[in-house]
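Colleague: Chain by chain, the residues run as shown.
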Amino acid sequence: MAVGAASPIPATACELLRAKGAPIRVTRLHKRAGNPFTEGSRELFDLAGQGRIDYFFLGGAQIDGEANINLVRAEGRRFPGSFGSAFMYFTCRTILFREEHSPRVLVPKVEFVSAPGWSPPEVTRRGGPVALLTAKALFAWDRERRRFRLESIHPPHSEAEVRAQTGFDYDVGNARATPAPTAEELALLRGSVAERIAPDYPEFAKRVWG
Amino acid sequence: MAARAEDLAGRVPDGALVALPPDYSLPSMALVHALIRRNARGLRLLGVPVLGLSADLLIGASCVAEVHSSAVSLGEAGLAPRFSEAAEKGSLKVVDYTCPAVHTALQATEKGVPFMPLRGVLGSDLVAGHADWQVAQNPFSSAKDPILYVAAIVPDVALFHARWADEAGNVWVGRRRELATIAHAARNTYVTVEEMRKGDMLDDELLAPGVISSVYITALAQAPRGAAPLGVADLYAIDDAHLAMYAKKARTVDGFRQYLDEFVWQGRKSSLPA
Chain A
20 MAVGAASPIP
30 ATACELLRAK
40 GAPIRVTRLH
50 KRAGNPFTEG
60 SRELFDLAGQ
70 GRIDYFFLGG
80 AQIDGEANIN
90 LVRAEGRRFP
100 GSFGSAFMYF
110 TCRTILFREE
120 HSPRVLVPKV
130 EFVSAPGWSP
140 PEVTRRGGPV
150 ALLTAKALFA
160 WDRERRRFRL
170 ESIHPPHSEA
180 EVRAQTGFDY
190 DVGNARATPA
200 PTAEELALLR
210 GSVAERIAPD
220 YPEFAKRVWG
Chain B
-10 MAARAEDLAG
0 RVPDGALVAL
10 PPDYSLPSMA
20 LVHALIRRNA
30 RGLRLLGVPV
40 LGLSADLLIG
50 ASCVAEVHSS
60 AVSLGEAGLA
70 PRFSEAAEKG
80 SLKVVDYTCP
90 AVHTALQATE
100 KGVPFMPLRG
110 VLGSDLVAGH
120 ADWQVAQNPF
130 SSAKDPILYV
140 AAIVPDVALF
150 HARWADEAGN
160 VWVGRRRELA
170 TIAHAARNTY
180 VTVEEMRKGD
190 MLDDELLAPG
200 VISSVYITAL
210 AQAPRGAAPL
220 GVADLYAIDD
230 AHLAMYAKKA
240 RTVDGFRQYL
250 DEFVWQGRKS
260 SLPA
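Those protein sequence lines, which keep their order, are chains A and B.
Be aware that the first sequence starts at 20, since it is given in my numbering, and climbs by one per residue.
Be aware that the second sequence starts at -10, since it is given in my numbering, and climbs by one per residue.
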């Protein structure tokens, strides 16, 4: 699994999985010390191009119902830019994440396609969306139907609230309540995981763990 | 070697295509400051593959006409305020990239070939913004197989900072090998360094893999703490508080000017001939 720029939440999730003993290798692009690449930052993309990275994470200023993501501009505002998204989305199973869950972010159609959610059959593409996680809910991506399906809702949010705050249409299966973290997971998050994340994301660590 | 960052900045012509590393990969803030002090104009910045504080400073100081990059951001400190405002007002031409396309275009130049193919990207709106990219049929496939061709990019100038330079003119950047790619591809490479070392680092088996040979270095100058407020591994870390302070100040033109006076001009404006 690899974690790109400005991704403290995915980085934390990966470190939690590791702390729980999952046999995964986590490559964090913006680790300040011990960066794993000795051939320059292109090595991440070379790895992905060969299919050596299973999972990646992408956010978006806007994300639409076809899983297109926009990191460039929206409503007259300029955002940082597309980063590696237009490549990584094609090469890795990708978990989309965005804390803000609002009609402003989850839109019917993005204003600019940094990276498309799906491609016609003649385009070589190994990767693509698998899920979309926000502060309110988790959606799964249905590749055949090219639509999101609501999987779980984080308490105390409701299905009606998620519907009202989502600007695109989606399917609803047997959406359940997202399980709360266990006491063991919370202890790890606040302990060894926080210690590993804080040096690379000091602001985030301060906000979350104080 | 008595050259100063000032002398190197004087060799960067207005309008040049200037390749710069990201904030995490040894940017030469000494050279960025010197370019602002020499009132550079019309620079075209190339982010390899993204940009941060160095670009925002140059943009705010009116040194920049175009930005070619996969992103411009201050990381945890947030959006790059001078970049965002200039892009929103339309006073800055922005050509959006995606990271591996920048690397691929520079690798083509390293190899002396006119273009290289890259997977992915098709269906992104980035493609329409690039006359230097073409979607073509994979010539080795009998099935329909569209693929992106990325034209080589030759930067006029590459600027970065390094830990050491030696008496043979080699510089050491450790694992930051994207700097080697930039140096290989650029017509001229100007480097500031923390410290000078005796001898030739290529004679040292442990140091050699982190060296960029003097073949690629046009000129260098010593500039201790030349990457600050950004970092140099094992010497000094990124000053997060400084970046947060900059992000706040640079939200307004006045605040940005105050920052320049304090950290870039440092009272030198009056002591230098106009």
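Hints were generated in silico from the structure; no laboratory data involved.
Do not rely on the hints blindly, as some may be mistaken.
[To be verified] Where chain B lies over chain A, by a calculated footprint (3+ residues, C-beta under 8 Å):
#, segment
1, 103 to 112
2, 186 to 192
3, 216 to 225
[Unchecked claim] Selected chain A positions facing chain B (in silico; Cβ < 8 Å):
#, residue
4, R61
5, S133
6, S211
7, A213
We treat Cβ as the ideally placed atom computed from N, Cα and C, and that holds for glycine.
Colleague: When the structure is checked against the list of hints, which entries are broken? Sort them ascending.
Modeller: Checked against the structure, the hints that fail are numbers 2, 6, 7, while the rest are satisfied.
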